[in-house]
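The listed protein sequences derive, respectively, from chains A and G.
Residue 1 is where the first sequence starts when you use the working numbering, and the numbers rise one by one after that.
Residue 1001 is where the second sequence starts when you use the working numbering, and the numbers rise one by one after that.
Worth flagging that the hints you see were computed from the coordinates, not collected in a lab.
All figures in this text were calculated on a predicted structure; none of them were measured in a lab.
Where is the CB? At the ideal position from N, CA and C, for every residue including glycine.
Among the hints, a few may not be true.
[Unchecked claim] 27 angstroms max Cα-Cα, derived DSS-like pairs, lysine-lysine: (1) K1414(G) / K234(A); (2) K234(A) / K1355(G); (3) K92(A) / K1414(G); (4) K28(A) / K1355(G); (5) K137(A) / K98(A); (6) K182(A) / K234(A).
[To be verified] Ranges of calculated distance between the beta carbons of each label pair, as one might list FRET restraints: (7) G166(A) / E1207(G): 58 to 64 angstroms; (8) E247(A) / E1132(G): 40 to 46 angstroms; (9) P55(A) / N1416(G): 35 to 41 angstroms.
[To be verified] Residues from chain A shown here face chain G by an in silico Cβ test under 7 angstroms; the list is partial: (10) D21; (11) S70; (12) I87; (13) L90; (14) I214; (15) I216; (16) G220; (17) G224; (18) F250; (19) V252; (20) N255.
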Amino acid sequence: MFKIVRREEMAEGTVVLNEIDAPLIAKKAKPGQFVILKANETGERIPLTMADTDPEKGTVTIIYQIVGKSTAIFKTLQVGDGYQDVIGPLGKPTHLEKLGTVVCVGGGTGVAVLHPITRGLKEVGNEVIGIIGARNKELLILEDHMKDASHELNVCTDDGSYGHHGFVTDILKKTLEEKDVKLVVGIGPVPMMCFVAKMTKEYNVKTMVSLNPIMIDGTGMCGGCRVSVGGETKFACVDGPEFDGHEVDFDVLMNRLQSYTNEEQECYDEYCTMQTAK
Amino acid sequence: MAEEKKKKEKIPRQPMPAQEAKVRARNFEEVPFGYSSETAMKEAARCIQCKKPACVDGCPVGIDIPGFINLVKEGEFTKSISKIWEMNTLPAVCGRVCPQEIQCEGKCIVGKKGAPVAIGNLERFVADYEREKRLAPAPEKAASTGKRVAVVGSGPSGLTVASDLAAKGHEVTIYEAFHKPGGVLVYGIPEFRLPKDIVFSEVAGLESMGVNLEMNAVIGRTKTLDELFEEGFDAIYVGVGAGLPTFMNIEGENLIGVFSANEYLTRSNLMKAYLFPEYDTPIIKGKNVVTMGGGNVAMDSARTALRLGAERSIIVYRRSREELPARTEEVHHAEEEGVEFHFLTNPTKFMGDEKGRLNSMECLKMELGEPDASGRRRPSAIEGSEFQMEIDLAVIAIGAGANPLLTQSTEDLKLNKWGYIDADEATGKTSKKAVWAGGDIVTGAATVILAMGAGRAAADSMHEYLTLGW
């Protein structure tokens, strides 16, 4: 069992942080890599990009949003409980290089994945501008962490309850106009990443996105996580999870993410009914 | 003497009782029930105990077949399993999935004039008897040598290496990337052909011999081979399987409802999606399912589709029936259950609805020309023969390639041009010191028993190295 040593709820309980005891993975993991977690015997294998690692303490941190039965089960796990299986580190690490000015754009729980990459880009000497967004102030996560990890942080909310009233792409556009941006990293919901990539393409600025498609083994064996990149089929688990945002076919990605919408809803509804009955 | 021989020939091969085809096509329970003690003894009496048994030559791990069959004939089932264990750690598995018709039974002398002795059924009987009764003493284990061996992958070849080397007194640790041991025996072969409890029981046998099992260990990511050596392992066996799905590279392959056989079977077998929503992993249950390919994996996929509720389950194969690489028995089982075969047909395009879900497939009719490099007649398309099929699930089972995850993280491991590990055919030795390899990552996709045979050869060579040096 992989024990949870720290647990926090964020964004009004819709997002949960788990710091998990997994020394082998913590020793090896680099920013951008992911783990696969399985809560119990009947559970699904869920891929999540790590939000942090502590090699000394031997822990990895994940931050997830409750979207269905599996994450609802994850949410029931308390400190001292654990995951039956945690596998990793998987995927290729982020390529961290000094380029000059870089912009890190994050939306929703994508900010959790963006944070270690932002920190890494700053550590290698880049001038880092952060832009993070959420639907409203309550749903915003890791603002302080992102402030520390970047030289300048911009915050946006869709409803204007905090920071800039509008989308992350508003600030991104302004930044692209004003500065000589060498790289943009965009991590968040698929539509956000798609809009970020479209915008940066106009400005011809290299853009990296981190994808989280449906996956089983995470080692290149099943091909379930295939994505279309530059017209070629790639496996997010071994070729990614990060890809050139200008090459990713977001329509295919979005579509494949809907593969089990009905089944997932059925399964989640049944679980919620059972929990309420209890 | 002559009279006794005559009498033996008169006993017909005992049929294997099995679930009725229409019934079993809708459940995941094992197809054959297995022999009773009486039937097993009757079948064993058909063996003529050849002085030079050809069946043993046909067995990749060299089981003393007449020896164990003679014990069955005498009702000494427990002694019989000990006899099998001398050469084979996984008899319950092999009795079920080995292609006996081209191995032991294919060489059986009795088979020259009639049906061969049902060696596979007898092996299965003996193994099942022991699993139920647990009377046999554990296989003997040599005194500890103090040497440590890491086995990467817990499929059939890895399990064989682990068992052989543990018996010789070495300390063995198996590393498995998945959360359950067994490799292809668990993620690939369906429950109705090989119940998973049987695999886990055989693995538990290894653990009781002192073999350590580390799950969730992706060698190449979690640890590298060199790190295993740094930890103090004296030798490593790599048996990670082929593990890279082959797609057809045709239009529409990323539509919802197109699966690699690896994904389809892993969801159903390892993740138990057939028990959804009791188990959380979903699977698409198609009404009109097409499986591309003609091997055992294709048969497993097509039969799984039926059990998941398909109205039609169709195998589309570009060559003809004669070229089907699957075992005859598997093809037979599939047909009995209602799987349809469309031979000389090749898909060219998948098409979907406005929601990106597969709804049809375009195919071309093929004809066979001259034999190709594989010796099979090369199929070529008949111009203008395009036609469409309405389908909502497609499973691509046209083979597997070499998964590069481990090999790419190991610089001094020589690979062949297809990315498989270059290993000595007789010993499994690789270009890297103290590293052996075997099974599908060396040969490309093959059978369980061939992987076990490679494991056996490598274990012998590793033992020699551990006791005498490289």
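Comparing the hints with the structure gives:
no., hint, result
1, K1414(G) / K234(A), "25 angstroms, holds"
2, K234(A) / K1355(G), "22 angstroms, holds"
3, K92(A) / K1414(G), "23 angstroms, holds"
4, K28(A) / K1355(G), "40 angstroms, violated"
5, K137(A) / K98(A), "33 angstroms, violated"
6, K182(A) / K234(A), "25 angstroms, holds"
7, G166(A) / E1207(G): 58 to 64 angstroms, "59 angstroms, holds"
8, E247(A) / E1132(G): 40 to 46 angstroms, "57 angstroms, violated"
9, P55(A) / N1416(G): 35 to 41 angstroms, "37 angstroms, holds"
10, D21, "13 angstroms, violated"
11, S70, "6 angstroms, holds"
12, I87, "4 angstroms, holds"
13, L90, "6 angstroms, holds"
14, I214, "9 angstroms, violated"
15, I216, "6 angstroms, holds"
16, G220, "5 angstroms, holds"
17, G224, "5 angstroms, holds"
18, F250, "12 angstroms, violated"
19, V252, "5 angstroms, holds"
20, N255, "4 angstroms, holds"
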